[in-house]
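Residue strings, one per chain:
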Amino acid sequence: MKPFFKPKAYFRPGSLGKAVELLSNFGDRAKVLAGGTDLLVQKPSGAECLIDIADLGLEYIKEHENGVEIGAATTVRSIGVSGSLSSEPYLVLRDAACALGTPTIRNMATIGGNICNASPAADLPLALMVLGASLTIMGPAGKREVNIGEFFENIGGKNIQADELLLSINIPASRGRCGTSFQKLRHHQTSIDIAIVNVAARMTCEKQACVKASIALGAVAPTPIYARKAEALLGKKRPNAAIIQEAASAASEEVNPIDDVRGSKWYRKKMAAVLVRRALEESSRRCGIWPE
Amino acid sequence: MKNEFSVVGKSVPRIDAYDKVTGRARYCRDLKLEGMLHAKLLRSPYPHARVKALDVSRAKSHPAVKAIATIEEVPKVVGYWWNLRTEKGMKKMFMQDNVVRFVGDPVLGVAAEDEDSAEEALSMILVQYEQLPPVFDPVESMKDQTIKIHERGNIAFHVLKEYGDIEKGFREADFVIENRFVTSKQKHATIEPIGSCIADYSPSGKLSVYSSTQLPHWSRMYLAGALGLPSSNVRIIKPYTGGAFGGRCGLIHGLELMCCHLSKKAGRPVKMSFTRKEDFEATEGRHPFLVELRTGFTKEGILTANSIKIVMDVGAYATHYIGVIADALSTGVGLYRIPHVKFEGYCVYTNKSLNGAFRGYGNPQMNFAQESQMDIVAEKLGMDPIELRLKNYRGAGEIDPVFNEKILSCGLKECLFQGAEKIRWKKKSRRSSRRGKIRKGVGMSCLMHGTGARFGLPDPASAIVLINADGSVSLETAAADDGQGNKTGLVQIAAEELGIDWRKISVSDTDTDTTPLDGGTHGSRQTYCGGIAVRKAAAQAKKSVLVFASKHLNTPQNRLDIREGVIYDTKRPSLNISLADLMRKIQIEDLSLCEQIIGAATGVAPSMPPTYGAHFAEVEVDTETGGVRVLRLVGAFDVGKAINPAHIEGQIAGGEVMGIGYALTEGLVIENGKVMNSNFADYRIPRSCDIPRIDAVIVESHEPTGPFGAKGIGEATMIGTASAIANAIYDAVGVRMKELPITQEKILVALQSFNPP
Amino acid sequence: MARVNIKIKVNGKLQELGVEAHETLLDTLRERLGLLAAKYGCGDGECGACTVLVEGNATLSCLTLAAHVDGKDIETIEGLEQGSHLHPLQESFVEQGAIQCGYCTPGMIMSAKALLDKDADPSEEKVRRAISNNLCRCTGYEKPVKAILEAARRMRGEK
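Protein chains in written order, with the working numbering: chain A, 1 to 292; chain B, 1 to 757; chain C, 1 to 159.
Everything labelled a hint here was simulated from the structure, so no lab data went into it.
Each hint should be verified, as a subset may be incorrect.
Chain C residues, not near chain A, derived (Cβ > 12 angstroms throughout) [stated by the list, open to error]: (1) Leu14; (2) Glu16; (3) Arg32; (4) Glu46; (5) Thr64; (6) Asp70; (7) Lys72; (8) Asp73; (9) Gly79; (10) Gly83; (11) Leu115; (12) Asp121; (13) Ser132; (14) Leu149; (15) Arg153; (16) Arg154.
Looking from chain C toward chain A, a few residues come up when the C-beta cut is under 10 angstroms (computed) [as the list claims (entries may be wrong)]: (17) Gly12; (18) Lys13; (19) Glu20; (20) Gly43; (21) Leu60; (22) Ala67; (23) His68; (24) Glu78; (25) Ser111; (26) Ala130; (27) Asn133; (28) Gly157.
Here are the in silico distance ranges between beta carbons for each label pair [what the hints assert, rightly or not]: (29) Ser264/A - Glu167/B: 38 to 48 angstroms; (30) Ser474/B - Glu48/A: 55 to 65 angstroms; (31) Glu16/C - Arg563/B: 34 to 44 angstroms; (32) Gln128/B - Asp260/A: 48 to 58 angstroms.
Note that beta-carbon positions come from the ideal geometry of N, C-alpha and C, so glycine has one too.
Working from the sequences, and respecting the hints, build out all of it.
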C-alpha cells in the first residue's frame with residue numbers, strides 16, 4: 001500500500017535556536033525541508049511535521065583566508081555558477097554541481113540536501129570528500145564539526161541526529177598546486193541520470209610530482225568511499241599512464257558494488273577503473289602535468 | 001506540382017495550437033463534474049493468485065466511501081474490435097473471474113468523496129489470496145503444462161503461414177544464416193499518464209464517459225456490450241489527449257468499466273486517474289518478441305528464403321495480440337520480394353502486465369530482427385546494405401503476397417537515395433577503421449507499414465460537412481486527435497475540396513453523440529481513411545452548392561467551381577457569387593427553401609497502402625564504457641502526399657526520438673513479476689539534451705487511392721530507428737547487438753567477448 | 001489539520017490562502033486557484049509537466065510545497081498573454097508547429113521563459129539543456145527547440 005505523506009504541521013523558523021528547539025521537540029517525527037527534490041519524491045510516511053530552513057540565512061558561499069564556506073541551503077545551481085568556485089581546487093565541486101540533475105532540479109536542490117539524503121550515488125559529497133571538507137552541525141548542545149568522510153554510515157545512514165541540523169560546509173584552502181576532476185557515468189553518456197558510477201579526484205603536485213592524491217567513488221558501495229589503496233599508489237611520483245592505470249585498477253578492487261536496475265556489479269567494477277583513470281588524467285592535466 | 005493546391009501541402013498552424021499554448025486546453029485529468037466521486041484501485045501484490053475472500057466491511061463504513069466494485073462484478077476486456085463483428089465475438093470480449101494474473105491486476109475499486117479517502121479505504125480492505133504458481137518467461141509458459149494462466153492454456157494464438165516452398169528456397173540459396181533477436185517491453189510513456197476517465201451513469205440509463213480513448217466509437221460499443229446498454233445510450237466524450245501512441249487503443253485494463261460500475265452503484269459521476277507508477281506497472285506496453293530468423297540468399301544478393309519464428313509475450317490478458325502478430329507477418333513477409341517464406345508465430349500468456357497496441361504494432365520488433373539480419377547478409381556478401389535492399393524490395397506494381405493486393409505507390413527507392421545523400425552515406429559507410437577509444441559508424445534500415453486496417457479489421461470512417469449561412473463550415477468527424485494534428489489535416493482536406501479558406505472550417509469535438517462512426521485513431525489511418533471520408537463529404541456538399549449556384553447564376557453546373565469562397569463560372573469568372581451570399585439566400589432569405597447544405601460520407605477506404613521509409617543513423621561508441629551517442633538521424637518517408645509538411649516533420653522527429661529510446665534505453669525491467677523501473681529516473685525516455693539533429697526527408701509518391709495522394713505516417717517514423725542504430729553500432733565497433741534495449745553494459749560485454757583484453 | 005496561511009503572487013495577483021502542510025504548489029494552483037495549465041505527469045519531478053516559475057526560476061511545482069513559496073512571485077503560462085497578445089514564445093510555438101499533444105507545452109514554455117529572461121541569446125545547446133527537465137514524447141524536441149530560438153530572436157527585436 002502507498003504510504004501516506006501527510007505531515008500535520010509546517011514550521012519555518014526564523015532563527016537557528018528556534019530551529020533546533022523544534023527539532024529537539026519533534027525528534028525523528030520531524031523532517032527538514034530544504035529544496036524538497038528528495039523529500040517530496042520519497043514522501044516519508046512517518047513525517048509528522050516539516051521544518052523549512054528557508055529563513056535561516058543558510059544560503060551563501062563565503063570565501064575566506066582558510067577556504068570557502070557554503071551554507072547548507074545553498075542551491076546546487078548557485079554552486080555551479082559561483083565565481084568563488086571557479087578555480088582549483090574547487091573545480092571538482094563546481095563540475096559535480098553541474099552534473100547533478102537538470103537545470104530545473106539544480107534551481108531547487110541544495111548542497112545540504114544532497115549530503116543529508118546520504119544516497120550512495122550522490123554527486124556533491126564525492127567532490128567534498130576529495131576537498132577534505134568538514135560539516136558544521138548544530139544540535140541542542142551547540143555546534144560540532146565532522147569530517148565529511150566520517151559522515152556517511154551504511155546505506156542512507158549518516159552521522160547526524162534527529163535533533164541536529166546541518167549548517168554549513170567548510171572547504172579548506174589548498175596548500176600547493178592542485179588539479180581536480182569529477183567524472184560521472186550515465187546511461188549512454190548524455191542523459192541526466194543518477195550515476196551508474198561517479199568519481200571525484202584531486203591531486204596536489206609539487207613540480208612534476210604528485211605529493212598527495214585523493215579519490216572518492218560513488219554508487220559502488222553502501223556509502224561514498226575513498227579509494228585509499230589507489231591514492232597511496234600515486235604518492236611522490238610523477239603521474240604517468242602506467243601509474244594512473246595501476247591506481248585505477250586498484251580502485252576497482254576496493255569497491256563493492258551491487259547489481260541493480262542501473263548496472264551490474266561487474267559493470268560497475270569495470271567502470272570504476274575507467275572513471276578513476278579519467279579522473280586522474282584530468283586532475284593531472286589540471287595540475288599542469290600531462291601523463292603522456 | 002507546387003501550386004496545384006491552395007492549402008493541401010501547406011504547413012498551416014494547428015487548429016488547437018492556441019488552446020494548447022495558453023494553457024486553456026483541457027485534458028481528462030483537468031475535468032470536474034458536479035458531485036463527482038474519486039476512485040482508486042486495490043491492486044494485487046502477487047503475480048498469480050485467486051482471491052479467496054474479500055472483507056470490505058470496514059471500508060464500507062468509511063463515511064466518504066460511496067461505492068465499492070470487486071473483481072467479480074467488473075469484467076475484464078480480452079479482445080479488440082475484431083470481436084465486435086459477431087455476437088459470439090462480443091461474448092468472448094469480456095471475462096469475469098476472481099483470479100489476478102499480474103502484480104498490479106485490479107482486485108477492486110473504491111469510489112469516495114475525495115482521492116485521499118478512497119486511498120484510505122483501500123488500506124481497510126482485507127483480501128485473502130490463494131497464491132498460484134506464476135510463469136514469467138513466454139518460452140517456459142509455452143511448454144509448461146502445469147501452470148495455466150487461462151483455462152484454454154497459455155498459448156493465446158498460433159499462426160503458421162507459408163508462401164512458396166521454404167525448403168526449395170533454402171536449396172536455391174548459396175548462403176543460409178540464422179540469428180535470434182530479442183526485443184523489450186517499451187512503454188508508451190505519454191506525458192499525460194495512461195488511464196484517466198470520468199463515468200457518469202445516469203439513473204435514466206444514459207451513460208456518459210469522458211475518456212482520452214483513441215477509439216471513441218469502438219469504446220462506445222465495448223461499454224454498451226459489457227453493460228447491456230443500447231449503443232445510443234452510451235456517449236463517449238474525448239477531451240484533449242496528452243499523447244496516445246496506441247496506449248489508449250481500447251478500454252484501459254481496470255479503468256472505464258470499473259468507473260462505470262462504481263458510478264452506477266453510487267449514482268454519481270466517478271473519476272479515476274492512474275498515477276505514473278500505475279501507468280508503468282499496470283497498463284499495456286509493447287509486446288516483447290523473440291524472433292528467430294533463418295535466411296537464404298544467393299551470392300548475388302538475392303534473397304531466396306526466409307523462415308520467421310516469433311514468440312510474442314502477450315502478458316496476462318490478450319487484447320491486441322492477433323492484430324500485432326498479423327502486422328509482424330504482413331511487414332515481415334511484405335517488404336522484400338522473397339519467393340519462399342515461412343512465418344510462424346506464437347502469442348503466449350505470462351504473469352506480467354498486459355501488452356497491446358503501440359506505434360508500429362508488431363512491426364518495430366519484426367523490423368529490428370529483419371533489418372539487422374539484412375545488415376548481416378550485406379556484411380557476409382561484402383555488399384552495400386542499400387544495394388542489397390534495392391535488389392530485393394517489393395515495389396509499385398507488384399503484388400503483396402499477404403493481402404494479395406497490388407502495391408500502387410512506393411517511394412522506397414527515393415527514400416533510400418535522398419536519405420543516403422543527406423547523411424553522406426557513401427563517404428561515411430564502412431569506414432571500419434575501428435580504432436581508438438571513441439569510434440563512429442553509420443547504419444540504415446528500411447521499412448513498410450500499412451495505412452489503416454482495411455484488409456484485416458473493420459475500418460470505417462465517416463464525415464459530415466455542414467455549410468453554414470455565413471459560408472463557414474462545420475466538419476463533424478469522430479477522428480480523434482491525440483496530438484498528431486489530424487484534425488488540422490482534415491480541415492485542410494475539406495478546405496481544398498470546397499475551395500474555401502481553411503480558417504472558415506471548424507471541427508466538432510470528438511463526441512459519439514454528435515459524430516458519425518469512425519474506426520478510431522490507430523494504424524496511421526486518419527489522414528488517409530478519415531481524409532477520404534472528409535473529402536467525399538466535402539465533394540458532396542460542394543456538388544449541392546453548385547446545383548443551387550447553377551440556378552442562381554443561371555449557368556450550367558459543370559462550368560462552376562469554388563475558389564477562395566467564391567462560386568464562379570470558370571468560363572466567365574465575372575459571373576460569380578460568394579458562398580456566404582448563396583448560403584444565406586438558400587438557408588434564410590428564401591422562405592420557400594430554408595435548406596442547409598449537408599455533405600455526408602461513410603464507408604471503408606479502398607485500400608491499405610503501405611508507407612515506405614528508410615532510417616539512417618550515425619553513432620559514436622565509447623569502447624571503454626559501451627556508451628553510445630547518436631550523432632545524427634535521418635528519416636526519409638514516402639507519405640504519398642504531405643497534407644501538412646510541418647506535421648509530417650513533427651511525426652518524423654517524434655518517431656525517431658521514440659526509436660532512439662527503443663534502441664538504447666527503454667524497456668521495463670520485470671523481476672519476479674515486479675516492475676523495477678516504474679519511474680522516469682529508471683525508465684529513460686530521451687530528453688532534449690540526449691538527442692542529435694534529426695533530418696526529415698519527405699518523399700511524395702502519390703497514392704492513387706489516398707486523399708490528394710496521401711497515405712499514413714505516424715507509426716512508420718519509429719519502426720526502423722532501432723535497427724538503423726544497431727547497424728550503426730556494428731559499423732562502429734564490430735559487435736552485433738541482437739537484444740533491445742542496447743544498453744551500454746550489453747555493448748561492453750559484447751566488446752569484451754569480441755575483443756578479449 | 002492545521003492550515004498554513006500563505007500569501008503568494010500568482011501571475012501578478014496576490015492570493016491569500018490557507019494551505020495544508022503537505023500541499024504541493026501544483027495542487028494549490030490546480031485545486032484552489034483553478035489554474036489547470038501546470039500538469040501532473042509523474043509527481044516525482046522527472047517529467048517537468050508541472051514546471052512554473054518561482055521568482056523567475058523554473059521550478060517543479062509537484063516537488064514544491066505551497067507553504068515553502070510563501071511570499072514568492074509565481075508565474076504560470078496562464079499569465080503570459082498580455083491582453084490579447086501572445087508572448088513571443090507562445091507565438092513562435094504556434095507558428096513553428098512545436099506543439100503536438102500539448103500536455104508538456106505549458107511546462108516547456110515556462111522553462112524556456114526562465115532561460116530567455118536571463119539569457120537573450122542562448123545557444124541551441126543551452127536551450128536543449130534548459131528544457132532537459134521537460135519530457136516530450138511527441139515532437140522529438142526538434143520543433144520546440146527551433147521555436148525557442150526563434151522566440152529569442154523576436155524578443156531581441158530581430159526580424
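Each hint tested on the structure:
With a closest Cβ-Cβ approach of about 19 angstroms to chain A, Leu14/C is found to remain outside the 12 angstroms limit, as its non-interface label requires. The claim that Glu16/C is not at the interface with chain A holds, since no C-beta of that chain comes within 12 angstroms of its own (minimum 16 angstroms). At the 12 angstroms boundary, the C-beta of Arg32/C stays outside the reach of chain A, the nearest C-beta of that chain being 16 angstroms off. Against the 12 angstroms criterion, Glu46/C falls within the reach of chain A, whose nearest CB is about 9 angstroms from its own CB.
The beta carbon of Thr64/C sits about 6 angstroms from the closest Cβ of chain A, which is not more than 12 angstroms, so the claim that it is off the interface is violated. Listed as a non-interface residue, Asp70/C fails to keep its Cβ farther than 12 angstroms from every Cβ of chain A; the least gap is roughly 7 angstroms. Residue placement check: Lys72/C does not keep its beta carbon more than 12 angstroms from all beta carbons of chain A (closest about 10 angstroms). Interface exclusion of Asp73/C from chain A stands, the closest Cβ pair being 14 angstroms apart, more than 12 angstroms.
Non-interface call for Gly79/C relative to chain A: holds, since the shortest CB-CB distance, roughly 19 angstroms, exceeds 12 angstroms. For Gly83/C, the condition that its CB be more than 12 angstroms from all CB atoms of chain A holds, with the nearest at approximately 29 angstroms. Its beta-carbon lying about 8 angstroms from the closest one in chain A, Leu115/C breaks the requirement of being farther than 12 angstroms from that chain. Distance to chain A confirms Asp121/C as a non-interface residue, since its nearest Cβ pair spans about 17 angstroms, more than 12 angstroms.
At roughly 5 angstroms, the least C-beta separation between Ser132/C and chain A is not larger than 12 angstroms, which violates its mark as non-interface. Here Leu149/C stays apart from chain A, with its beta-carbon at least about 17 angstroms from theirs, past the 12 angstroms limit. At the 12 angstroms boundary, the C-beta of Arg153/C stays outside the reach of chain A, the nearest C-beta of that chain being 21 angstroms off. Distance check for Arg154/C against chain A: the nearest CB is about 22 angstroms away, which clears 12 angstroms, and the non-interface claim stands.
Residue-level restraint check for Gly12/C is violated (minimum Cβ-Cβ distance to chain A is 21 angstroms; threshold 10 angstroms). Residue-level restraint check for Lys13/C is violated (minimum Cβ-Cβ distance to chain A is 23 angstroms; threshold 10 angstroms). Hint status for Glu20/C: holds, given a least beta-carbon distance of 8 angstroms to chain A, under 10 angstroms. The interface hint given for Gly43/C is met, as the beta carbon of that residue sits about 8 angstroms from the closest beta carbon of chain A, less than 10 angstroms.
Look at Leu60/C: its Cβ gets to within about 6 angstroms of chain A, closer than 10 angstroms, so that hint holds up. For Ala67/C, the interface hint holds, since its Cβ comes within 10 angstroms of a Cβ in chain A; the closest pair sits about 5 angstroms apart. A hinted interface residue such as His68/C counts as satisfied when its beta carbon comes closer than 10 angstroms to some beta carbon of chain A; here the least separation is about 6 angstroms, so the hint holds. Checking Glu78/C against chain A by beta carbon gives a least distance of about 19 angstroms; that is not within 10 angstroms, so the hint is violated.
Interface hint at Ser111/C: satisfied, since its Cβ lies 6 angstroms from the closest Cβ of chain A, which is below the 10 angstroms cut-off. At a threshold of 10 angstroms, the smallest CB-CB gap from Ala130/C to chain A is about 6 angstroms, leaving the interface hint in force. For the restraint placing Asn133/C at the interface with chain A, the shortest Cβ-Cβ distance is roughly 4 angstroms, inside the 10 angstroms limit, so the hint holds. At its closest, the beta carbon of Gly157/C sits 26 angstroms from a beta carbon of chain A; the interface hint therefore is violated under the 10 angstroms criterion.
With their beta carbons about 43 angstroms apart, Ser264/A and Glu167/B fall inside the hinted range of 38 to 48 angstroms. At roughly 57 angstroms, the beta-carbon separation of Ser474/B and Glu48/A lies within the given 55 to 65 angstroms, and the hint holds. At about 59 angstroms, the beta-carbon gap between Glu16/C and Arg563/B misses the expected band of 34 to 44 angstroms. The supplied range of 48 to 58 angstroms is broken by Gln128/B and Asp260/A, whose beta-carbon atoms lie about 33 angstroms from each other.
Against the hints set out earlier in the document, violations occur for numbers 4, 5, 6, 7, 11, 13, 17, 18, 24, 28, 31 and 32.
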